[in-house]
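J.: Respectively, the protein sequence lines represent chains E and P.
Here numbering that gives the first Met the number 0 is used: position 220 in the first sequence is 219, and no number is missing along the way.
Here numbering that gives the first Met the number 0 is used: position 164 in the second sequence is 163, and no number is missing along the way.
I should point out that these hints are in silico values taken from the structure, not numbers from a laboratory.
Keep in mind that a hint or two might mislead.
Said to hold, decoys possible - Below, computed lysine to aspartate or glutamate pairings styled on EDC-like, alpha-carbon distance capped at 16 angstroms:
| id | chain 1 | residue 1 | chain 2 | residue 2 |
| --- | --- | --- | --- | --- |
| 1 | E | K422 | E | E200 |
| 2 | P | K72 | E | E200 |
| 3 | P | K72 | E | E387 |
Since the structure is predicted, the reported quantities are computational estimates derived from the model, not experimental observations.
Here are the chains, one letter per residue:
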Amino acid sequence: MATAATERFRNYVEAFHALDGQHKSVAWLRALRERGFARFCEVGFPTTKDEDWRFTNVNPIAQTPFQLARDARQSGAVYGDVLDACRIPGAACQLVFVNGRFASDLSELGSLPEGVRVGSLAQAIAQDDHLLETHLGRYLNLERDAFAALNTAFIEDGAYVYLPRRTVIEAPIYFLFISIPTQHPEMTNPRNLIVAEEATEASIVEDYVSLGSGVSFSNAVTELVAGEDAVISHYLLEREDRQAFNVSTLRTQQARSSNVSSHSVLLGGGLVRNNVHPVLGGEGGECLINGLFIGNGSQHMDNYMLVEHASPHCSSRQFYNGILDGRSHGVFHGRIIVHKDAQKTDAKQTNRNLLLSDDAQIDTKPQLEIYADDVKCTHGATIGQVDENALFYLRSRGIEEASARALLLLAFANECLDRMKCKPVRDYLRDLVQGWLPGISTPAGQDGARTEEVARRWEEVG
Amino acid sequence: MAILEIKDLHANVQNHEILKGVNLTINAGEVHSIMGPNGSGKSTLAQVLARREAYEVTRGQVLLNGKDLLAMKAEEAACEGLFMAFQYPVEIPGISNAYFLRAALNAIRKYRGEEELDAMDFLPLLKEKMRLLEMDERFLNRPVNEGFSGGEKKRNEIVQMAVLEPKMAILDETDSGLDIDALKIVAKGVNAMRSPDRAILVVTHYQRLLDYIVPDFVHVLVDGRIVKSGGKELALELEDKGYGWAEPASAGR
């Protein structure tokens with residue numbers, strides 16, 4: 000390792016060696032981590048000169064000397080409120096991770112069909128689950144993404160799901176990642192693995208929240224492997240503190256006739272990068288990439304989509320809606336690669352944005368690379384304000400202006416929420432988003448207190 | 000009792016004077032119709048009454064139940080009992096018809112100090128009104144006006160009117176683009192709303208709608224002024240002789 004790199008990433012080098020010392024026994028994992036760390040040291044953090052990072056400056060992350068998050072369970076933190084706020088009614092189970100580590104005492108494992116494994120990656124590593132060696136790190140491209148390499152260097156714990164053939168779980172599987180900001184900035188590298196065998200069906204939720212306010216860095220990676228005919232929905236919810244950094248990467252590998260949906264809802268975090276990278280690797284696969292990002296204050300939310308059509312007769316649909324207020328900055332980068340053999344590809348991409356203030360900003364960029372000759376690819380982007388005609392229409396029916404505005408924002412958000420098939424998650428997210436939008440009126444007049452609270456929250460962040 | 004009193008109303012659109020002194024009083028229980036050629040100011044009058052901000056009132060007064068309508072915002076006017084069925088209803092993707100209408104009804108009920116309705120109480124009410132307008136129940140959960148045909152949009156406007164039960168209802172060219180079947184359904188819905196304590200103003204270019212919604216009074220608007228008023232037979236006469244007949248010069252003024 001070059002000395003310069005050692006010096007530049009001193010905090011990471013120290014952390015890496017400390018961690019490496021703890022897990023000498025598992026050779027393949029050690030090799031994987033080393034590969035990740037070597038790659039990270041080689042390339043370092045990306046800059047805006049890198050095309051994939053043109054609109055997002057990660058200097059604030061690069062300049063902060065993050066330490067690996069310690070086990071926070073001795074800190075005396077009280078989890079009751081956050082656990083109450085983060086409960087999806089009707090979930091099959093709720094697994095809680097605090098600072099990246101599985102907290103079994105805060106989790107509810109529920110009862111799942113036989114053969115299903117839902118738990119912590121660290122436990123699976125300790126149990127020497129042979130599936131890990133087969134799948135972990137096999138799909139993620141370390142070469143092109145320094146954050147993925149960094150995460151790989153620090154693989155320790157995260158969510159692990161294994162669904163044996165023909166398993167159908169209707170209720171959502173819920174993973175909650177709580178980060179606890181401290182005075183000395185800490186990072187967590189949750190590493191999640193979802194292996195869904197043939198003809199399985201499930202919905203999986205990853206939810207990132209902060210307990211308290213301050214700087215923290217969540218650098219998460221999820222590898223999702225969908226077997227033939229598997230129907231899997233993945234939900235990412237980012238609602239960490241406004242000072243938090245969050246880089247999330249979802250890499251899905253789809254077999255023949257599988258159907259994977261990725262739904263992202265970004266509400267919190269200060270600097271957020273959401274990478275979604277499906278590879279349609281078998282004929283007849285379908286993927287839906289659906290997202291909603293709502294920014295305010297100085298939030299920066301970057302959505303980087305990379306859809307790879309590697310087989311014939313696959314379809315992909317991308318829909319991202321952004322609502323940006325204050326000085327927030329949104330990015331939608333929608334890249335579609337159609338490989339040479341992927342004939343009859345049907346790829347569609349739509350990005351719609353509402354800018355609510357003069358200082359809010361959106362960069363939207365489609366990028367189509369097509370190497371097959373019989374394909375259908377379309378893309379479109381819109382940037383606009385709240386429709387004045389629609390606003391007047393609502394007002395003419397008695398709805399006051401602020402509520403009418405909020406209703407139109409909710410309508411815009413609903414376009415994304417309505418694509419979510421898992422009802423408990425959709426309902427939960429709809430309530431959450433409705434509360435997040437400023438001054439929204441609840442038609443049944445549920446409670447004024449809530450509206451007031453929302454208005455206050457909006458004020459604080461604005 | 001007068002529900003709506005318009006006195007010497009002048010209004011500009013982008014600094015052009017469109018309304019040049021309109022006077023009209025509509026009493027409870029009455030159905031009035033304003034007819035006029037294109038560009039006469041019919042829609043401007045409707046929009047001013049619905050409180051669209053782009054229209055600038057330069058002179059005159061409008062009272063709604065004795066209150067100054069021109070001082071009200073659109074939503075206040077609605078809460079005070081004014082309703083306009085739009086000529087071009089707006090599509091709102093992402094909000095269901097049922098959700099939207101319940102929000103509207105509750106906003107109005109709240110304004111009046113009445114208890115708001117929850118979904119359980121509201122749905123039967125909405126379904127009943129939709130049956131009246133022969134609208135399928137699947138429209139309940141469809142986004143507001145999105146993908147509706149022209150006729151469905153107009154029927155949806157009348158459904159809204161039936162749910163919100165205004166004191167003063169204004170129908171702005173509700174007949175435009177309707178086939179005869181849709182026209183009859185719309186008329187049936189409007190006629191069901193006729194009541195001694197409600198007034199209705201039908202703004203239209205053609206006499207056709209008035210075969211089905213028979214007005215008590217007909218007014219002819221030409222160049223921003225009401226130039227002739229009469230009973231329902233005036234509409235037939237206009238249809239027969241054309242608007243030129245009612246214009247000031249030929250009316251013998």
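J.: Are the hints correct? Go through all of them and say.
T.: Each hint tested on the structure:
1. K422/E - E200/E: Since the Cα atoms of K422/E and E200/E sit roughly 14 angstroms apart, the hinted pair holds (cutoff 16 angstroms).
2. K72/P - E200/E: violated, 52 angstroms
3. K72/P - E387/E: It holds: about 15 angstroms lies between the C-alpha atoms, which stays within 16 angstroms.
Checked against the numbered hints above, the structure breaks only hint 2 and satisfies the rest.
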